[in-house]
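Engineer: Here is what each chain is made of, one letter per residue.
2 protein chains.
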Amino acid sequence: MAAPPPTEELPIREGEKKASTEQEINPWDVQAGQDEQGNTLQFDYVAISQKWATKLIDEDLLGRFERLTGKKPHRWLRRGLFFSHRDFDKILDRYEAGEPFFLYTGRGPSSDALHLGHTIPFTFTKWLQDVFDVPLVIMLTDDEKALFKDGLSFEDTHKFGLQNAKDIIACGFDMKKTFIYSDLEYVSGHFLYNVWEFSKLLPFNQVRGAFGFDGSTNIGRIMFPAVQCAASFATSYPEIWPNYDPKADRSKAIAKIPCLIPMAIDQDPYFRLVRDNSHRMRFPSPKPALIHSKFLTALQGAGGKMSASDPNSAIFMTDTPNQIKNKINKHAFSGGRETLEEHQRLGGIPEVDVAFQYLSYFEDDDAKLLEIENSYRKGTLMTGELKKMAIAMLQEYVKEFQERRKQVTDEVMRGYMTPRELVWKGNPNPVRKEKEKEKKGKGEKGEKGKDAGKIEEKTGEAKS
Amino acid sequence: MAAPPPTEELPIREGEKKASTEQEINPWDVQAGQDEQGNTLQFDYVAISQKWATKLIDEDLLGRFERLTGKKPHRWLRRGLFFSHRDFDKILDRYEAGEPFFLYTGRGPSSDALHLGHTIPFTFTKWLQDVFDVPLVIMLTDDEKALFKDGLSFEDTHKFGLQNAKDIIACGFDMKKTFIYSDLEYVSGHFLYNVWEFSKLLPFNQVRGAFGFDGSTNIGRIMFPAVQCAASFATSYPEIWPNYDPKADRSKAIAKIPCLIPMAIDQDPYFRLVRDNSHRMRFPSPKPALIHSKFLTALQGAGGKMSASDPNSAIFMTDTPNQIKNKINKHAFSGGRETLEEHQRLGGIPEVDVAFQYLSYFEDDDAKLLEIENSYRKGTLMTGELKKMAIAMLQEYVKEFQERRKQVTDEVMRGYMTPRELVWKGNPNPVRKEKEKEKKGKGEKGEKGKDAGKIEEKTGEAKS
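Taken in sequence, the protein lines are chains G and R. Everything in the first sequence is counted per this note's numbering, starting at 4 for the first residue and increasing by one. Everything in the second sequence is counted per this note's numbering, starting at 4 for the first residue and increasing by one.
There may be inaccurate statements among the hints.
No copy labels: a pair is met if it fits in one copy or bridges any two.
Unchecked claim - With a cut-off of at most 30 Å between alpha-carbon atoms, the simulated BS3-like pairs for lysine-lysine come out as follows:
| id | residue 1 | residue 2 |
| --- | --- | --- |
| 1 | K162 | K255 |
| 2 | K74 | K330 |
| 3 | K255 | K409 |
| 4 | K74 | K328 |
| 5 | K93 | K54 |
| 6 | K259 | K290 |
| 7 | K290 | K333 |
| 8 | K259 | K152 |
| 9 | K54 | K330 |
The set of hints was computed from the structure by calculation and includes no laboratory data.
Let the sequences and hints guide you as you build the complete structure.
Structural biologist: Structure below.
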């Protein structure tokens with residue numbers, strides 16, 4: 004699964020003409036439209052939602068979410084960073100009825116460290132996990148990244164994946180409810196069976212159109228969509244569900260557990276394939292529900308790309324407070340005016356101001372943010388002041404991340420990455436509970452290795 | 004891996020015109036040429052060898068084989084059933100130098116019982132194993148068969164594969180040196196890593212040409228060649244080789260162990276892909292050596308197909324002596340003449356006589372076979388007498404098979420199918436030997452499960 008591509012967006016400024024080339028959005032190629040002068044335009048998310056027939060997330064849906072969960076929708080929902088969905092309402096139906104579902108997201112490990120933009124979907128997923136109290140699987144597509152990048156070997160991407168796993172864990176996921184896996188390590192057995200079964204349902208023509216493949220595409224790339232798709236079936240994770248038995252009717256029941264996939268909108272074509280075909284599997288599965296994000300703003304704004312090879316293109320999660328300060332001050336595209344006089348007269352443009360965008364990712368207080376926006380637009384708030392606020396919030400976010408990251412040893416990482424039964428309030432495993440009671444009664448300790456109980460004990464220790 | 008397709012061959016009769024449509028040979032489609040009257044012609048094996056630039060097996064090669072191994076070449080080599088090769092001479096070089104290699108063959112499990120034609124390549128492979136004393140891997144391509152047959156599910160082909168494994172074992176393989184696996188069970192880990200790595204080297208155009216794929220081909224089929232190809236790398240079987248460690252230089256040495264693949268000529272395109280690309284792997288491997296068989300003669304001769312759904316089209320390995328007798332007498336295409344007078348005057352045609360063909364598969368005495376052939380051609384040997392001899396040899400072959408087959412319990416099958424270190428004279432595992440000595444010294448018995456020692460103990464018990 005590719006991370007949300009760090010492609011910047013730039014709103015249409017006053018007086019600009021309409022796009023003369025259309026935007027292009029698919030999992031391998033994301034390009035904003037251009038006007039007749041070749042200027043990059045803002046992505047038109049309403050247009051892509053209409054084109055792909057997704058539903059926009061509206062006040063009604065968020066209202067229902069709040070009534071059911073008792074939680075205020077995350078600011079990234081309120082502010083439309085996650086803006087579109089498929090069947091999120093059905094997930095709420097299940098939540099209301101107390102029926103199980105799980106979360107599935109992923110990352111394509113193309114470099115060894117996450118930058119700010121990479122962490123946002125994971126931070127959002129962690130929030131969903133907390134709100135819903137459901138199991139979560141996180142797929143590291145080390146297979147995909149090596150297949151799609153000529154310069155990267157499978158050894159490289161596998162290594163990146165393990166490093167990325169540590170960063171992902173540092174986003175705060177609850178180990179008891181979270182299984183992180185490297186495709187190169189985990190895809191086998193039931194999972195691979197599902198991959199093959201699903202691949203039989205996909206003629207080349209169907210994936211060619213969705214992903215822009217041609218005769219020079221290597222056959223691994225052509226196959227890969229079946230891997231990313233099969234990851235959305237509950238039966239691909241037999242260890243998660245207690246007493247999974249593919250020969251018993253129970254497996255059919257497990258196949259019916261749907262997933263909710265938070266993801267960038269460009270990944271939608273994968274899961275349309277699943278939604279079109281999941282009922283045709285040996286154990287038919289419901290359509291997965293999707294929740295789509297916009298693309299994240301790069302440091303340079305227009306024309307810039309967040310890139311691991313350019314340290315000044317993004318805030319890295321390894322940056323020091325001083326590095327963050329310098330990057331924002333020197334490199335963050337500003338929506339302020341050329342001179343103080345001009346700024347006061349015309350006002351700033353928050354829509355293109357990267358510091359304001361970043362602030363809007365992290366300032367949870369809607370009223371306060373609106374006040375900042377208005378002051379900036381009116382020209383009473385200067386760029387320097389705005390940047391200072393953004394720097395402070397980013398430093399705080401990165402610092403908290405780094406504190407959690409320090410705790411993530413190889414052992415902790417392997418805990419999250421061990422295939423095992425997950426435990427959550429909505430579906431505790433009675434067998435496990437019995438066993439744990441027995442253990443406690445006898446005062447025994449678990450053995451080292453793949454024992455799930457042991458790993459959870461460890462987590463407990465790390466937290467206490 | 005598809006079994007040698009049971010397509011019949013019919014020689015050109017006197018006075019017949021030359022082919023007006025050319026023969027077609029590839030892994031998914033094997034059709035003999037036709038003359039202008041639409042009559043099926045004999046396969047032209049010399050032509051396919053020339054077209055694909057393989058080498059014909061000649062007297063020099065067989066002479067060298069006999070000098071090196073001290074064994075007379077198998078009658079199927081002497082009589083050209085295995086007629087062509089790639090680098091078999093290099094395998095002989097290795098044998099001479101005492102350097103390791105392994106055997107690899109396979110079966111596509113499309114039905115639950117083997118017929119006579121299916122067993123012949125395995126019987127030949129068993130002979131190669133005995134002569135060379137090398138490890139052997141046998142791949143059951145249950146994944147492939149479900150991908151390629153609309154009516155077959157992965158459950159079906161997996162089940163067929165396990166049944167086929169028992170029949171294959173009954174061909175007499177030595178358990179200590181033989182690992183049989185179902186793709187759906189075994190392909191994962193190092194093997195799957197090789198599959199992905201190899202798939203990256205194969206653009207769609209290359210497999211499209213080799214296998215006749217198009218836009219309607221499912222993506223699993225497109226991927227499958229990488230699985231069959233990766234099976235020829237020693238590193239796909241880490242359990243076989245003692246102390247395999249992909250991080251150590253040792254793995255590079257293991258990657259350099261080549262395989263010899265006995266197979267029907269139609270499978271050659273797969274392994275040309277390997278021969279063209281194996282040096283490009285992370286751990287470069289030598290080109291696999293190949294030894295090609297012709298296609299086997301069906302019971303009905305011209306126009307007939309050996310088919311599991313038509314009990315009269317083939318001798319099944321479950322047939323009773325009486326069924327064999329009736330099938331040969333009633334259904335085996337005869338090269339004899341219409342009347343006794345005509346037969347005595349014109350003589351029979353051994354080339355199209357199915358009973359003679361079958362006799363030639365099993366009568367090891369060249370002089371005796373030549374005498375039979377000459378008598379039949381002269382018309383002094385009658386069809387009935389010829390059939391009687393063929394029936395006796397087939398009954399004997401099938402009976403011996405059935406006796407071995409009775410010994411193949413689920414437990415024995417699982418023994419062969421357990422990934423484990425293999426043991427052979429040329430490369431005994433010193434670590435294992437030490438362990439065995441220790442065990443014997445302590446009088447301990449192995450535990451149940453995946454312990455290789457245990458399984459070999461079991462074999463030993465079964466044989467004694």
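Engineer: For every hint, state whether the structure bears it out.
Structural biologist: Here is what the structure says about each hint:
no., hint, result
1, K162 - K255, "between (36 Å within a copy, 20 Å between copies)"
2, K74 - K330, "neither (35 Å within a copy, 77 Å between copies)"
3, K255 - K409, "neither (41 Å within a copy, 36 Å between copies)"
4, K74 - K328, "neither (33 Å within a copy, 80 Å between copies)"
5, K93 - K54, "within (22 Å within a copy, 60 Å between copies)"
6, K259 - K290, "within (9 Å within a copy, 46 Å between copies)"
7, K290 - K333, "neither (46 Å within a copy, 56 Å between copies)"
8, K259 - K152, "between (35 Å within a copy, 27 Å between copies)"
9, K54 - K330, "neither (37 Å within a copy, 64 Å between copies)"
Consistency note: the structure conflicts with the earlier hints numbered 2, 3, 4, 7, 9.
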